[in-house]
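> Residues per chain, in single letters:
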Amino acid sequence: MLYLFGIIAFVAAGSMLFLRQPMRVALALITTMVMLGGIYGLLGVHFIAAFQVLIYVGAVMVFMVYVIMLLELREAGADRRFSRWRIPGLTMFVLLAAALGVGTWRGAAPAVAAGAAGAFSMTGFSSAFLTRYWLEFELTSVFLVAAIVAALAVIRTSRRANG
Amino acid sequence: MMPDIVMALIFITYSLVVLLSFGGLLTWVERKQAAVMSDRIGANRAYIRIPFTNIKLVWLGLFHGMADGLKMLLKENFKPTTHDAVGYFLAPFVVFAPVLLVFAVIPFGGAIDPGLLFPSLAAWFGGRIYTLQIAHLDAGLLIVFAFSGLTIIGAMLAGWSSENKFSLLGGLRAGSQMISYELVMGLTVMGLILLYGTVDLDAIVRQQSGIVLGVLPRWGIVLQPFAAILFLTAAIAENKRIPFDLPEAESELVAGYYTEYSAMKMGLFMFAEFIQIAIVGALFTTLFLGGYNLPFMGDTGFQFPGGHAIVLGHGTVLLLQIAGFLAKVMLMCVIQIQVRWSLPRFRYDQMLGLAWKLLLPLSLVNLCATAVIAWLVQGGRP
Numbered sequence: 767m768l769y770l771f772g773i774i775a776f777v778a779a780g781s782m783l784f785l786r787q788p789m790r791v792a793l794a795l796i797t798t799m800v801m802l803g804g805i806y807g808l809l810g811v812h813f814i815a816a817f818q819v820l821i822y823v824g825a826v827m828v829f830m831v832y833v834i835m836l837l838e839l840r841e842a843g844a845d846r847r848f849s850r851w852r853i854p855g856l857t858m859f860v861l862l863a864a865a866l867g868v869g870t871w872r873g874a875a876p877a878v879a880a881g882a883a884g885a886f887s888m889t890g891f892s893s894a895f896l897t898r899y900w901l902e903f904e905l906t907s908v909f910l911v912a913a914i915v916a917a918l919a920v921i922r923t924s925r926r927a928n929g
Numbered sequence: 487m488m489p490d491i492v493m494a495l496i497f498i499t500y501s502l503v504v505l506l507s508f509g510g511l512l513t514w515v516e517r518k519q520a521a522v523m524s525d526r527i528g529a530n531r532a533y534i535r536i537p538f539t540n541i542k543l544v545w546l547g548l549f550h551g552m553a554d555g556l557k558m559l560l561k562e563n564f565k566p567t568t569h570d571a572v573g574y575f576l577a578p579f580v581v582f583a584p585v586l587l588v589f590a591v592i593p594f595g596g597a598i599d600p601g602l603l604f605p606s607l608a609a610w611f612g613g614r615i616y617t618l619q620i621a622h623l624d625a626g627l628l629i630v631f632a633f634s635g636l637t638i639i640g641a642m643l644a645g646w647s648s649e650n651k652f653s654l655l656g657g658l659r660a661g662s663q664m665i666s667y668e669l670v671m672g673l674t675v676m677g678l679i680l681l682y683g684t685v686d687l688d689a690i691v692r693q694q695s696g697i698v699l700g701v702l703p704r705w706g707i708v709l710q711p712f713a714a715i716l717f718l719t720a721a722i723a724e725n726k727r728i729p730f731d732l733p734e735a736e737s738e739l740v741a742g743y744y745t746e747y748s749a750m751k752m753g754l755f756m757f758a759e760f761i762q763i764a765i766v767g768a769l770f771t772t773l774f775l776g777g778y779n780l781p782f783m784g785d786t787g788f789q790f791p792g793g794h795a796i797v798l799g800h801g802t803v804l805l806l807q808i809a810g811f812l813a814k815v816m817l818m819c820v821i822q823i824q825v826r827w828s829l830p831r832f833r834y835d836q837m838l839g840l841a842w843k844l845l846l847p848l849s850l851v852n853l854c855a856t857a858v859i860a861w862l863v864q865g866g867r868p
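Each protein sequence line maps, in turn, to chains A and B. Take any residue in the first sequence, note its place counting from 1, add 766, and you have its number in the working numbering. Take any residue in the second sequence, note its place counting from 1, add 486, and you have its number in the working numbering.
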């Protein structure tokens, strides 16, 4: 089951690189996210699985699909299929895969036992969230605000340029 | 291992049968209620004739569901010429599958001890006790919301891939409506999570078995009456039913995001809507009506406040719990259908205004009030 989810996630992630229509790329990304959620669920961390689907599919991907719908993007532009960065990109991918392969083969990283996560408690999570991880949480919101301001600035500039 | 698989298969079969029959039954209930409330004749034509006789079995029009199903299966599967094949094919399933999956985490009865129920099989089961729930997950409530998020994508995909301006508008409207009301739904439930301290649906139901103020059952609706009303409103809107059926309102959009769907594909959308009514009923029952708990009933029988007690067997208690759960779900379904035939439709801007300007602030106020009261009741300790 784990391998099945893994293979589907991998195929979907790979097809994202080759599909041309934006909506199909979004669908492939959704498939990958849901399969990752399934893998987390099988590993026994249901809470992470729920959040994976809830945040990435339920929120992020819904907005992406919404934007694709609003812009009525049916086809990608008629430019070349692969970008000119394909050779450096592929080299980096091969190097990364080799490093991961060698690392796994040597057993450098200690294997994490499946289902090792303790029982999830809402109270524990909430207090950890508001005491230990509050800085990360607040920083994320600052980033989001910065992104919104940047987007507004870009829209303003392009509107002014268009008259 | 083997007993676990057998029990899981039994639970899955039970849930599927219940959900699918609810889906079929509710179409009939809706027709009948429409007939009664708008004073017309309805759902009494389809019949089965007993062969070689002239006896026709009408049975209050219960065969209409069967006739509908047959009609959808035999109709031409029409497709628009310009549609996007992948999205068009996938959308009905993306809408339908998550709706069925939600029921997996909803507990529909108390703990069952098969060894006690069937003494001859006691050795095989080896003293195992099962909760009547397909998947006992510690993040149950979150998973319900996660699956609801998937349904939104299905509706939007259906609208987009039909390559039709009306469908596209319908899909956009469905998307924004469902996102708005899901937010309200999430916030109303937060108050309950605060009180019960868990998102495990089985634990939430078990905590509702007690008594509060001496006589009232400790149900969610007693502790959070305001949240219950907000939740039901948001859930009906999330399900896109009248008075919130703007994505498919006949006056402007004919059938919204599934205009271009025919035969069984359209049937899947309709069926998903009816099953969703049952799911909303089940969720409301689980969160606010004590789930399978009956007032004053525990695992061994009834315990009334005056000290009276009625002792019941394990099997009887289980049957009462399952029947009680189904009765509550049915009650909630009838209420939802009654709302449909009682209220006129909103305008689209009014509907979004209701979500963002009224329900969202109210649910936030409810959450804050719950937090303050819970803090005061606990003596100011965090």
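No lab work stands behind these hints, which were simulated from the structure alone. Be aware that a few hints might be false.
[Unchecked claim] If we take Cβ atoms under 10 Å as the criterion, some of the chain B residues that face chain A in the derived model are:
1. D570
2. A621
3. A632
[Claimed, not checked] So these bits of chain B aren't anywhere near chain A, every CB distance computed over 10 Å:
4. M493
5. R535
6. A553
7. D554
8. K565
9. L576
10. L628
11. S634
12. G661
13. I679
Note that beta-carbon positions come from the ideal geometry of N, C-alpha and C, so glycine has one too.
> Against this structure, judge whether each hint is valid.
Results of checking the hints against the structure:
1. Taken as an interface hint, B:D570 checks out: its beta carbon lies about 7 Å from the nearest beta carbon of chain A, inside 10 Å.
2. Satisfaction of the interface hint for B:A621 is found here, the shortest Cβ-Cβ separation to chain A being roughly 9 Å, below the 10 Å cut-off.
3. Given the 10 Å rule on beta carbons, the hint for B:A632 holds: about 4 Å separates it from the nearest Cβ of chain A.
4. Its beta-carbon lying about 19 Å from the closest one in chain A, B:M493 satisfies the requirement of being farther than 10 Å from that chain.
5. With a closest Cβ-Cβ approach of about 48 Å to chain A, B:R535 is found to remain outside the 10 Å limit, as its non-interface label requires.
6. For B:A553, the non-interface assignment is confirmed: its Cβ lies about 35 Å from the closest Cβ of chain A, beyond the 10 Å cut-off.
7. For B:D554, the condition that its CB be more than 10 Å from all CB atoms of chain A holds, with the nearest at approximately 31 Å.
8. At roughly 17 Å, the least C-beta separation between B:K565 and chain A is larger than 10 Å, which holds for a residue marked as non-interface.
9. The claim that B:L576 lies off the interface is violated: its Cβ sits roughly 7 Å from the closest Cβ of chain A, which falls inside the 10 Å cut-off.
10. For B:L628, the shortest C-beta to C-beta distance to chain A comes to about 4 Å, within the 10 Å cut-off, and the non-interface label is violated.
11. For B:S634, the condition that its CB be more than 10 Å from all CB atoms of chain A is violated, with the nearest at approximately 8 Å.
12. Under the 10 Å C-beta cut-off, the non-interface status given to B:G661 relative to chain A is violated; the minimum distance is some 6 Å.
13. The non-interface label for B:I679 is inconsistent with chain A: the shortest C-beta to C-beta separation is roughly 6 Å, within 10 Å.
Violated hints for the displayed structure, listed by number in ascending order: 9, 10, 11, 12 and 13.
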